[in-house]
Amino acid sequence: MAAGQGFWGDDLDAPRRQVEGGPIDYLMLDYLAEVTMSILQKQKERDPSLGYARDFVGAMESVLPAVLERGVKVIANAGGVNPPACAAAVKAVAAESAAKGKLRIGVVTGDDLLSRLDEVMAQGHQLANMETGEPLSTVRDRVLSANAYIGSEPIVEALEGGANVVITGRSTDTALTMAPLRHEFGWGAKSWDQLAAGIVAGHIIECGAQCSGGNCLYDWRSIPDLANVGYPLVEARADGTFIVTKHPNTGGRVSVPTVTEQLVYEMGDPHSYITPDVVADFTTIHLAQDGENRVRVSGVKGKAPTDKLKVSIAYRAGFKAIGTLVYAWPDALDKAQLADSVLRKRLDRLGLKFDHILSEFVGATATHGHLAGDQHNAPEVQLRFGVRGPDRAAVERFTREIAPLVLNGPPSVTGFAGGRPKVEEIVAYWPALIDKTVVNTRVNIIQ
Amino acid sequence: MKVRLLDIAHARSGDKGDTANVGVIALEPRWYDVLVHHLTQRKVADHFRGMIEGGVERYELPNLNALNFLLHGALDGGGTVSLKTDAQGKVYSTALLRMVLDVPAADAKRLELPVAQ
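In order, the protein sequences belong to chains A and B.
Position one of the first sequence corresponds to residue 4 (our numbering), numbered consecutively onward.
Position one of the second sequence corresponds to residue 1173 (our numbering), numbered consecutively onward.
Please note that a few of the clues may not be correct.
Stated by the list, open to error - Covered stretches of chain A (chain B as the covering partner; in silico rule of three or more C-beta atoms under 8 Å from a C-beta of chain B):
| id | segment |
| --- | --- |
| 1 | 100–112 |
| 2 | 139–149 |
| 3 | 167–181 |
| 4 | 194–208 |
| 5 | 252–266 |
| 6 | 285–292 |
The hints are simulated quantities; they were obtained by calculation from the structure and are not laboratory data.
Glycine included, C-beta positions come from ideal geometry on N, C-alpha and C.
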């Protein structure tokens, strides 16, 4: 199993390198993050034939020879809010190549709850925000997308139906890896430990090269050739043990520290990593180096899942804009701080109201706050000034207040090449739970 | 003895909504106990006071020689709402590694901990 994409926007060439770098059975491509679904929903509103990760079509084109000649199967959640349109786009590309008529594309749908939302809420499902407890009714009129995170079963069904490409919408990232293992090894729906191992494998490789040397803090200077970083491979066995590795002649590194860093990434309670298929216990994972760039993973335990699915809901939540100016030594931080206070007074005088104003001093305290210590001798400091609020006009007006500071504010200021800040609509994320029985997935295989 | 966390651990951080998580991993397995005893939930909450709005939770992963911290209310609303540079909590990891631990001299010697100058 090879991972070739860690998010929508990842290295376009990685899928091809993964299929050409050595023998693999499956290529797994993860395109979806929390906010991706809402971006895709906006695209679908403008054009009903869109709403999927378009990068995937190019990726498919680049791996078609491997799919046709070597039988590599591709599993991707590139379908976004429109898996059928994504499948049609892939089919169209295949039709113009030697692949004409040779792809069997499994299309998984049923995760999209947007058109059923009122019906579902009328049945008594509150879809309360998991963080704040508020019912969805408080923002219902601003909802852009609503998708249940679905598990491995429809993907397994597509593979059993002979699909060599499986396109899903909001499948969990980890199901994309676990489903083919379950299909190959015939793991039952209650083989908790094996299913959990498949989830752990998925968690390790779902962020692409982030487990094989990318973004790795441990001994980072010594990690070789990140320019040609090897994306991860999983060599899985029926007993639930597996090896994490990468193709020969690639850069990066697969070691216990690189894999451990990825295991703790975005982790909540390690005893209960909840997925639709199984609850995995990350405190049972055993890692061991098994040769160069090979890490053996064993011991994973799992237990029965809950009767809920997580739902990813996106809703319109106002507007924001962020402007920046750079102040140079001497006294760079003091100058930036004065500019900040001048700007706040001017916004106040204009009577502009915002939910929140945040000023950061990049180069001094932006990411580590007071922990960074005294930064008054910094060579330069960027004032990064952001506002957000429900009133687009107020945010728009703010964007006109940055440039004047170059001439009528504190001295030694530069770095205003980018023009006026851009106003962005905020699409916020609303995590909720729903009974599994509400969500019915479907698999359609098209040729 | 003063021991810099940066000298005995590595870390990675990420986000879930408005919560940042920081996984802290001992550089040597025998140093995991130092993390367990000295990198407490309370010390981490004190370390980040003024930077995060919510509480701190700690989980132990002895199998990975790691601790996982959840920092609630750390991301100005998180995701697309946040106005922060580090809206996804990617560098809370190294902010935590700035911490200096106070370890008894005998333990520091026995475990051959690198002592801060």
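Next item on the list: Given that the segment 285–292 of chain A was listed as covered by chain B, double-check it with a C-beta distance under 8 Å for 3 or more residues.
Entry: Three-residue rule met by the segment 285–292 of chain A, so holds; n is 6.
Next item on the list: Quick one: see if chain B covers the segment 252–266 of chain A, three-plus residues with Cβ-Cβ under 8 Å.
Entry: holds (count 5)
Item checked: Whether chain B covers the segment 139–149 of chain A (at least 3 residues having a Cβ closer than 8 Å to its Cβ atoms) -> violated (count 0)
Checklist line | 8 Å C-beta criterion, at least three residues: is the segment 194–208 of chain A covered by chain B | finding: violated (count 0)
Next item on the list: Tell me if chain B covers the segment 167–181 of chain A under the three-residue, 8 Å CB rule, please?
Entry: violated (count 0)
Note to self: If you count the residues of the segment 100–112 of chain A with a beta-carbon closer than 8 Å to a beta-carbon of chain B, do you get 3 or more?
What the structure shows: Coverage by chain B is violated for the segment 100–112 of chain A (0 residues, Cβ < 8 Å).
Going through the hint list in order, the structure does not satisfy hints 1, 2, 3, 4.
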